[in-house]
Structure formats: structure tokens, C-alpha cells
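Engineer: Here are the chains, one letter per residue:
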Amino acid sequence: MLRSFRKSLPKTLSVALVCAVFSVAGLRAQNAAPGVPPAVETREIVDETGRTLRVPVSIERIVSLAPSLTETIYALGLQDRLVGDTDYCDYPPDALKKAKVGGAINPNFEKIAALHPDLVLVTKSINRLDTVRALDTLGIPSYATDPHTVVEIISSTEKLATVLGVPDTGKSLGEDMVRRLAVLQAKLKDVQPSRVLFIVWTEPLISVGKDTFIADALHRAGAISIVDSAKDWPQTNLEEVVRLQPEYLVFAASHSENATRDFDALASRPGWRILDAVHNRRFAVISEAVNRPAPRIVSAIEELARQLHPEAFSDVPAPGKDAAPAGTPTPPPQKPAAKNRADAFSISQECPCAR
Amino acid sequence: MSSPHRTPMPPGEQPRSNPDVRLTVEQASYVYSPNPSQAPLFTLEALSFQAKPGEIVAILGPNASGKSTLLKLISGALEPLSGRVFLNGYATHALPPKTRAQRIALVQQESRLLFPSRTWEFVLQGRHAYGRTLRFETEHDVTIAKNALAQVGAEHLSDRWMDQISGGEKQRVILARALAQQPLLLLLDEPTLHLDIGAQVDLLESLRRLAAENRYTVVVVTHELNLAGEYADQVVLLQKGKCLRVGSPATVFQRELLEQVFQAPLSVEMTPAGRPRVTLFEKT
Amino acid sequence: MRPLTFSRLLLRCGVLLLILFVVVVIALKLGAVQVSLYGLGRDLIRVLLGQTRAISTDYGMIVVDIRLPRILLGIVVGASLSVAGASFQALLRNPLADPYVLGVSSGAAVGAILALIVESHLALSPELAGLITPLGAFIGAAATIAAVYFLGRRDGQIDGGTLLLGGIITASFLSAVIMFLMSTLAGGNLRGASYWLMGDLSTPQPKSLLYLLGIGFVIAAGAIYTTASDLNLLLAGEKEAMHLGVDVPRVRIVVYLAASVLTGLAVSVSGAIGYVGLLVPHVMRLIFGSDHRMLIPASALGGAIALVIADTLARTVVAPSELPVGAMTAMAGAPLFIYLLRRRLA
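Chains as they are written, first to last, in the numbering used here: chain A, 1 to 355; chain B, 1 to 284; chain C, 1 to 346.
It should be emphasised that the hints constitute simulated quantities derived from the structure, not laboratory data.
There could be a bad hint or two in this list.
[What the hints assert, rightly or not] Simulated restraints on C-beta separations: (1) R342(C) to R209(B): 22 to 32 Å; (2) Q235(A) to S172(C): 20 to 30 Å; (3) M179(C) to L41(B): 24 to 34 Å; (4) A146(C) to D264(A): 48 to 58 Å; (5) V22(C) to S268(A): 53 to 63 Å; (6) I165(B) to I117(C): 54 to 64 Å; (7) Q235(A) to P116(B): 17 to 27 Å; (8) L37(C) to V57(A): 56 to 66 Å; (9) G41(C) to Q79(A): 38 to 48 Å; (10) R209(B) to S172(C): 51 to 61 Å.
[What the hints assert, rightly or not] If we take Cβ atoms under 8 Å as the criterion, some of the chain C residues that face chain B in the derived model are: (11) P3; (12) P95; (13) L96; (14) D247; (15) R285; (16) S290.
Cβ coordinates follow ideal geometry from the N, Cα and C atoms, glycine included.
In isolation and in its complexed conformation, chain A is listed as follows (with noise of 0.2 Å):
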């Protein structure tokens, strides 16, 4: 009785299958062009990567993807357009009341959809390319910046303050970023860079290549690094590390304490004691802010400078710039770059975290 319906068997099955699977998509299908009210008036942008972009003339929320990001809407003033931002957004503290959307790399579509933003900022160093091809799915415009310099943050920081209509406020800040890089250059002229090992992760090793905007902000705070890769985020190893014999190791951490750990943690290895600068104790700590392509990194420089060079701080000039006379151990650096924290940039003061 049931042989009529066994020889259309397959077609029958297939058929149930994509009803099972497509009845509602293809529902959805007509709702074409999904969450952009069409009373807003918009306009174009074309964003760091070259990505042309539809957003509403007056940007009123805002979600970032990015710590640096958070910072540079802040330091623009215009925290109160910011409806959300990542877990990992904690400067300043006040970013850590936001809504959260999750991490930077695997952020929760649902949450920033719940938001309704104007415009999701991200960075091409940080946000993955799916990310952004998800949210151009979703409809959500999304503005891309790619600094790979400290210029470029600046520049960068310009053009972000016009797309979000205050650009005075964004040129009086790069002015101000470009005006202390000035100074500090200028206090920087005589002095001999210090070959540095600056410490991205310590297990592994890693380290920062060329390309990236922090050995740029090494270079302007009297510091090369001894790394010299072009790759972003090159590991290395203790050999190649003994091979170029760094005179400092730099740590950008969070607490001061956390890089003593770090820095303890990597003296007591086995291999380790040979390196003079672990021998001596060498070492700065500056501010994570040096991770993010934001305005702060400014006083990041800054605050290395004074760490690595702090003869070219005193009112004495000193007598050239010596590394670390044969047999007698130097003094811990970072106590006078503890000593200027006061007036520069204290990690301590201006720790977000409660923890």
C-alpha cells in the first residue's frame, strides 16, 4: 500500500528537508536591510582600510571593540556616545561601567545588536576580519583604523574626532601629542639609544617586530629594540637574546608589581643570570598603554624615556650616556624612574583595576 510513496521516497525527503531547513530563512529573507530606521539621514565615510561605509550624519552610540579605542573616545570627550565596549576595556575606569560586549577577538553579536549602534569602531591589529564581515551581514556599519606608527595614532586619533563630528577637539589633541613628542625628542638628542629586549609575553618569548607602532614608540622614548623582525609579534629564544645582549628588558604592565613577578620569574629560569641585564637588575616597567594605538601612549613614552635615559631629566646634563661599567653592578633604574612618577605617570595612582 505504501508503494507509490516509496518510489519518491528521495524526492519526498529531500523536499521535507529543505522546508525543514529553509521555510523560516527564506521568510527572513524579505526583511531586507534590517536595523537602519530609513527616516535617518546618512552619509559616507571611507574608513583606515579603505572600507566605504554608510553611517548617520550625527553618530550618537557608539560600541568599541577595542581598549585603544575606548581610551581615544575618551580622551576626545565622548564617552557619553559610547554605549559599549569590550571585557577588556578597563582605561579609564570608567569604561569598566559600559556595557559589556564580550572580547575583542569573539564579541557577542546579540549583545551589540541589543545596543542599536550608530557605528561599531574596530582596529585592524586587534578585531578579526570576520568580525567585521559579520557586522556588515548584520547590517551594523563598522569603522576600521590601521595605525602602524606613532604619526599614524595620531593622524589616526584626527580623522576618528571628524568621522564622530568634534574635529577640533581631535587636531588640539594630536597637536598636544605632537607638541610633548616634540619635547621630549628634543631632550633626547644627545643621548645614545638603549638597545632594548621589550617583553610582549614571557612563555614564550615574544616580542615586537619593526612594523608595529611600539617599536616606533621605543625609538621615540631613546630605545631600539634589539628584535628585528618583520613579523608583528615575533617569538624568540634565550640564545638569540644572549646573542644581542640587551641593556634593559622593558615590561608593560598593568602594576608595577606584576613586572617585578614577571622580571623574577624570568631571572630564577636556568640560562637567564647570563644576561647582563638580568644580572644587573635592568629593567622598565612602563604602562600598558604602550599596547594601544590611543593617545596615552604619549606619556608611555614619556615615561620610558625618563626611565631609560634619566640623566636627560636632571638640570645637570650628564656625562654621556654609560652602560653598565664592567664589574660594578648599576643601580636598579627603575628608582629614579620611580622618583619621577610623581609629576609624569604613576602606574599605581592611575590603576584601574580593583582587584
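Starting from the structure of chain A, add chains B and C where the hints point.
Structural biologist: Relative to the frame of chain A, chains B and C by itself:
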């Protein structure tokens, strides 16, 4: 034996006309070699014989004599290097898989199962060759499967799991699946290998009965001299890839010949029914 | 003697479909953003009536544009992996075979990553760019299963132990290749590449890819289903299947290609999600028996149900953050696997 589901004969080859002969092995030979440049590992030299419907042919020989190779040639799994194997006039290796399965059923030494299945499911597998793609079994298939189980005296096993029945029962169920294929030619590869003597006799008795009732042509590979002598209508005696003799058990079972082939002292006597009986002696 | 009939098949699939529907409704309700059951029901009815414009904007985007596509993706990926697993188990005569264990998922991931690299150098149009990853994943899957198949052959038959070892070695080799590609070719495209190793459904995919996935699933699973009764016989071995009338080379190539398509498509959008392809067919076999005419649709529906549940847990247990769904399936799957293994041995 004909069934409405049988696929028509493939075009191209015309059946040879001899209604009495069903299986023809004609100067068939085979060579195993790992690659053409090397010496062959094993050679089955050309041999010939014929079998009629209802006949039981025993392929007899010690290990490595070529019995299994010959069976593969007959079943169509291998193509002969020279010569032909015909079933009702068609070369067996050239038959399409389904057509072949409708004409030739093979009972192998052991049927390994990956996942447990019921006995009836197993027997219904024999009906696969009669179905179209994705066909569900019909009443007709179920009847044939039931009959097949009944023919081997295993109706009571129908709802048991295949991995929970004895070796002898399993062998009968495997035979039932072959019967469900409704073949013209029934091939058995060492069917008695794992059976005790009672089950061996049972199996061969039922084979003889089935061959007579259903007009199957049965080909059994065995190294059991007495079973071959008792039940076969024809014996093909093989040694090291050579066919030494083909004929009735009485003509093949010569003392000197068997002693030379099996490398054991033995004696051959005739039973009142005209069947040879072999007794083995200890080697001196 | 009660052979499978079409009406029984339909009844059982209907029950599974009903369970899937309930699971989907629950999954639609749960998530980082709260949605009321009333609002959900109202919106569902509106969607079914075609009045999508009437949906409130609050739910509109989250439920219809984020959650529903993600659930549909989970359905297709879960169904693909399970059907591929059931097919591999029959084709390779190994109850432990599945795309993940055999390294096919890793192969697809390598293919997908290489495709991403190629894509970033070619500057293709977005439509083509969307297709190149699934294509790379398919080629990777097909090449891997071919390699594993030949590694696992001994004397012309598949040998279970050799095959599994071959698969495990291939999988670990390919994982190393993925690590290598990730560390040497870092860039915006590859930052999330660890998700190829773990499996993840969190990124909304373009609609065109969803359609491609659905159509690919229907074609490939349909092709496998035409060989369902052949697969039943293949369980007894290729030689035996041949003597029962199975065109073994044809079935092998159809199932091999179709299962590679299924794995490639699933991995290209979700990474390597483990255990679904291995366990769902086993559980379905325990419930419905090992007849592939029943097992394949049951695995498809069961895999869909399992992955939608796993993904819903993955996005709710630590909300608003998320676990990779692969971590969820491994956490639930590994103990279940050990249980099934002990049961078989007992």
C-alpha cells in the same frame, strides 16, 4: 526459479546453447604477482570442468593448492587471465553486481559484523540485489527470507541476535541468506571449517537436499576428504595450482594420487553405495 | 520479522523533528539578551505569516538576524557532521570513525586556512571570496580522507586499527600544520584561527553562505541516502557486499565524495567540532538499530538537535562571554564516548 524481479540479461553476449550445462570453466587460469616485472607469487594453471543444475562439485586440495582462487574465478570476483568461466553462457566476472548477486550466492567462512543485527535482518540482506535504490522490503521478500530460514531449519532463530547464536546456527543462517538470493549457483568456501562433525553432516545433508529440490548448482571448497567423497557428484582435485584430476569421487579417490597430494599415508575403500571412504594412518 | 517500512521511518523522523522544533524554540528564547516567550511566540507567528516587517525592532535583529541564523547554522552543521560520521563508520567499517577522529576535520581546517591566505592575495569580489573557504575546506577534507583511507588499507581491505592510527597520526600532523600556518602567517584574517581547532558558531555568516550550506547538505546527504541499503551490506565487508550485489566502487566514491563535502562545508563555517559525528550515530543506532535507511535521517536530525543544544549551552553558561561550541561537545561527548566504549567491551 525465475522471478519477476530478475534484471534482464545484459546485451552483447549471447547464451551458449546447452541447457543441461549450467557452469562451464573453460581453460581458466590466474596468476598473482605483486607487479608485472617480478616472478609470480602463485599461479593457477588452466583447468576446465562443467556442472549441471542440481549437481554438487567439490573443489578438493590441501592448503595453498588454489582452491580459493578457483572459487573467486567462478564467483566473478576475479577475471581469469586466460580462458573463461560461464554461467548459463555469460562470463561471470562481466555480470553487473546486482545481476551477479541474483545468480551467484557465496557463503564465506565467516561473516563479521560491525554492529549487531537480528537474524531476520541478516537474511533479508540476501534480497538486496532484487531491490531498486532505497527500496523497502516487500511482503514477497519477507516470504522468501522466511522460506530460506525454514529450508535450513532455522525458523526458530529468526528473532535472535546474530552475535548470540552458535557457530553451527550462524553457518545455517549465512546459508539461508545465500538461499534468499535465489541463485542458480551456490558457492561455499570451507563451510565446515568451524563446525563439529554433527553440524558438518547436517549442513552437507541439507546442501544435497537443496541442490536436488531447487536445482542449484553447488560448488564447495573443502579439504575434508570424506565429506567430498560422500556428498559430491564431481570432484576437482588441486595441488599447488595444478588441476590433477576432475571426475566422480570414485574416479578421483585413488590411493596413490591422494597420498601424493595430501602427503599422508591413507587407504581408500568403497562403501556399498559406491562412495569412497578414506582412512588416514599415522606417518611412519 | 518486522522490516523497516516507509511509514515507520516517517513516524520516527516526525518524532525527531518535533523534538528539534522544541529545542529550536528554547534556543531562540535563551541568550545573552533576554527575550520573553510571549514576544518570541508573537514574532514566530508573524514570521510564519510572512509579516516580518511587523516584528518589533528589539527582537527583530537579535532573534531573526542573529539567533535564528545561528541556530540554522547549528542545525546544518550538526546534521552534516553526524551524517558524515555515520557514512564514514559504514564505509570504513569502523565504529570509531568520524570526521574529527580521522583527521578529516583538521584537513578541512588546513584547506580553509590556506584558502583564506590565497583569498587575501587575490582580492576577489566578496561573493567569490565567500565561496573560496568552503571550497578549500572540501579539498582539504577530500585529500585527508583519501590519505587516511590508503593508510588504513592492508591486503586490499580496510583494517580497523591501522585506519584509526592513520587517522590519529594524520590529525596530529594537520594540527601541527594549523599551528604552523597560524604562527608564520599571522594577520587579521587568521587571528581567530584557533577556532579552527576548537569549533565555533558565534560569528554570523553571510546569507549566501547559509544557502550554499543548506543546498550542499541536501545534495550530499541525499546522495549518501541513495546508498543507504548498500551501506547496510558494506558493514559486513567490501567483498561480502560485492557478492550480495553492491556496486562497491560506485558506493565508495559516492559516499567518500559526499561525506567530504559535508565535512568541508561544516568545517568551513564552524571549525573542527568534535564528537558530534562520532556519538550521534551511535546513540541513534542504540535507539533505532543499524539500518542506514533509518540511521541516516535519524543521525541528521539527532546531530541537529545535539549541536543546537550544545551551542545554546555554549552561549548561555558564561554569558555574555561564550565558550567555543567544540569545547561544549567535547565536555559532554568524551564521557559519553567512554561509557559507550565500556558498554561495547562489557
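Engineer: A separate judgement is required for each hint: does it hold in the structure or not?
Structural biologist: Hint-by-hint comparison with the structure:
1. For R342(C) and R209(B), the hinted distance range of 22 to 32 Å is not satisfied, since their beta carbons lie about 46 Å from each other.
2. For the pair Q235(A) and S172(C), the beta carbons lie near 21 Å from each other, so the given range of 20 to 30 Å is met.
3. The beta-carbon spacing between M179(C) and L41(B), approximately 45 Å, falls outside the hinted interval of 24 to 34 Å.
4. Take A146(C) and D264(A): their Cβ atoms lie about 53 Å apart, and the range 48 to 58 Å holds.
5. The beta-carbon spacing between V22(C) and S268(A), approximately 57 Å, falls within the hinted interval of 53 to 63 Å.
6. The supplied range of 54 to 64 Å is met by I165(B) and I117(C), whose beta-carbon atoms lie about 57 Å from each other.
7. Between Q235(A) and P116(B) the CB atoms are about 52 Å apart, so this pair departs from the stated range of 17 to 27 Å.
8. Separated by about 39 Å at the C-beta atoms, L37(C) and V57(A) break the suggested range of 56 to 66 Å.
9. Here the CB-CB span from G41(C) to Q79(A) is close to 39 Å, well matched to the stated 38 to 48 Å.
10. Evaluation of the 51 to 61 Å hint for R209(B) and S172(C) yields a pass: the beta carbon distance comes to about 58 Å.
11. Annotation: interface hint on P3(C) holds; nearest CB of chain B at approximately 4 Å, less than 8 Å.
12. Of the supplied interface hints, the one on P95(C) holds, with its beta-carbon coming within about 6 Å of a beta-carbon of chain B, less than 8 Å.
13. This hint is violated: L96(C) has a C-beta 11 Å from the nearest C-beta of chain B, more than the 8 Å allowed.
14. Interface hint at D247(C): satisfied, since its Cβ lies 5 Å from the closest Cβ of chain B, which is below the 8 Å cut-off.
15. The closest approach between the C-beta of R285(C) and any C-beta of chain B is roughly 6 Å, which is under the 8 Å cut-off, so the hint is satisfied.
16. About 4 Å separates the beta-carbon of S290(C) from the nearest beta-carbon of chain B, less than 8 Å, and the hint is met.
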